[in-house]
Structure formats: structure tokens, C-alpha cells
Amino acid sequence: MLMSLGIALGSPAALATDTAISLPTESTAVLDLAKSLTTVQKENLDQRLADFEQETGWKLRVLTQLERTPRQAIKKLWSLDDHSVLILAQPQEGNILNFSIGDAVYQILPRNFWLEVQNRLGNKYYIQQNGEDQAILTAINSIEVCLRRDGCSVMPGISDEQWVFTLIASILGGLICGFGAQPRNAEELFSWRWALMFSPLWGILFFAFGVAPVMARTSDWLPLMRNIAGFLFACIGVILVGSGPSTTTES
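What the sequence shown shows, in mature numbering (1 follows the signal peptide of the UniProt record, and there is no 0), is residues -16 to -1, 1 to 235, in sequence order.
Rather than coming from a laboratory, the hints here were simulated on the basis of the structure. Quick caveat: nothing in here was measured; it's all calculated off a predicted structure. Keep in mind that a hint or two might mislead.
[Stated by the list, open to error] Calculated lysine-lysine pairs in the PhoX-like style (CA-CA distance at most 25 angstroms, straight line):
id, residue 1, residue 2
1, K60, K26
2, K26, K59
3, K108, K26
4, K59, K19
5, K19, K108
6, K19, K60
[What the hints assert, rightly or not] With beta-carbon atoms standing in for the labels, derived distance ranges:
id, residue 1, residue 2, range
7, L180, V24, 57 to 63 angstroms
8, G135, Q112, 29 to 35 angstroms
9, P167, A88, 55 to 61 angstroms
10, L17, V148, 34 to 40 angstroms
11, L50, W205, 42 to 48 angstroms
12, Q91, E171, 57 to 63 angstroms
13, V225, R177, 29 to 35 angstroms
14, E39, S183, 22 to 28 angstroms
By construction, the Cβ of each residue, glycine as well, lies at the ideal position given by its N, Cα and C atoms.
Given these sequences and hints, build the entire structure.
Next up, the structure:
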């Protein structure tokens, strides 16, 4: 059974109508009716998806269109089943990406994954910056990566906007940690007790919103190290600022 994410999200019924469109009789995994891909991209993608299906057993198919989808003809052409994903790109829509997902696929790539792929890659801003072809190719790459991993809860890779959010959360966590850790008397350099009291606040900001999203989306250490550095610099900076006046008074 196939689930249409486009219908579930309230978009126009992507697979709800039949049109008299002449479909190719030869075997192909890519039907580019909207001409979103170059000839070379289409040929390479067609071979890539065929190899992927032979290697993994998962069937990925791509359909680009300008108006309506030839539903029954597409089902017959590609024999879509529970192990299939249809990537539907509609350039005239506000968000160009929709998906029809087989039940077996949906069990390991849940709704949140598809929503993130759709919202990150199919929006007008991404299309203006990168083009329809890159939206389609990047979406396919993410799906392939996660099917090879036997599942993902989120889309692999972290966008610049997502990373900036995690960095801000890390810095805010560092500021709160530093405020709690400021020395309360001349004998201590670091107030562990107060830092621990504030740990529910800075811990959530740093670990839940600063570290976890990065680790879940990428194996690249650079954004993670930047977030850790942002946390430490913010924490140490606040401690030094807070301990300055105290040191001056004692002297």
C-alpha cells in the first residue's frame, strides 16, 4: 500500500487524477515531464536508481510534472509496491516536493523524515538558491542514505540555519552555566554547587538543542566542535567578568 504525503499534508491531490499522457514503453526510473533535469542528469539518475534497486531492493522513482499526474498509468509503468518511493516534483506548486511512500519504507522512514525533506528542499527559497534539479537530487540522496542505514528519524545533513540555531543555543547555555558558576567569595574560582543548580537550564540548551541535533544529522565534527567552543567561551567569559569586581574589592 502506498501513502501519499502530498495528500496527507493538504497539498493538491498529487495522485488523484488520470491524464492522457504518453508514457515511455522502455524501462526507466525517471519521468521528467516538467524538464526539471538536464539530459545528462536524467540519464545518470536513471542508472543510479536502477543500481540502487538491484543492490538494496528498494524502488525509487522520480516523476516531474506541470499539471496532473497520470496515476493509473504510472502505477502500471512502475509497479509501485510497499518497497517503493515515488518522488513527485511539481514546479508550479509552492513546495515542489511530494512523496508517495510504500508501507515498508514508512516503517523505517517516519513522517518527520519526509516532512523535513519536503520543507528543507522543496521551498521556494531553496529552489531559488539551488534550482529544482538540486532539490530533487538532494532529496534522493537523503532517501538513499537513510534506506542504506535501515532508517533515519531526521534528514541527514544540517543546514546553515539549523546549525546557527544550535550554536545560539550552545552559547546561551554557556552564558547560563557561567552565571551559575561565578565565584561567590574570594576563596573559590568556580562555584560547582551553583553551576549544578542551574544545570537543568544550561544542560537542556547545550545538550538537547546544541549538541543532539548536530550529532543526529551529521558525522562532521566541525559544527559540533564549534558549538562546544561557543559554550566554553561563553561560560568562561561570564565567569571572568563576574570574578573581576570581586578580585578588585579584595585587593
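**Asked** Which of the listed hints are broken here?
**Response** Per hint list: 13, 14 violated.
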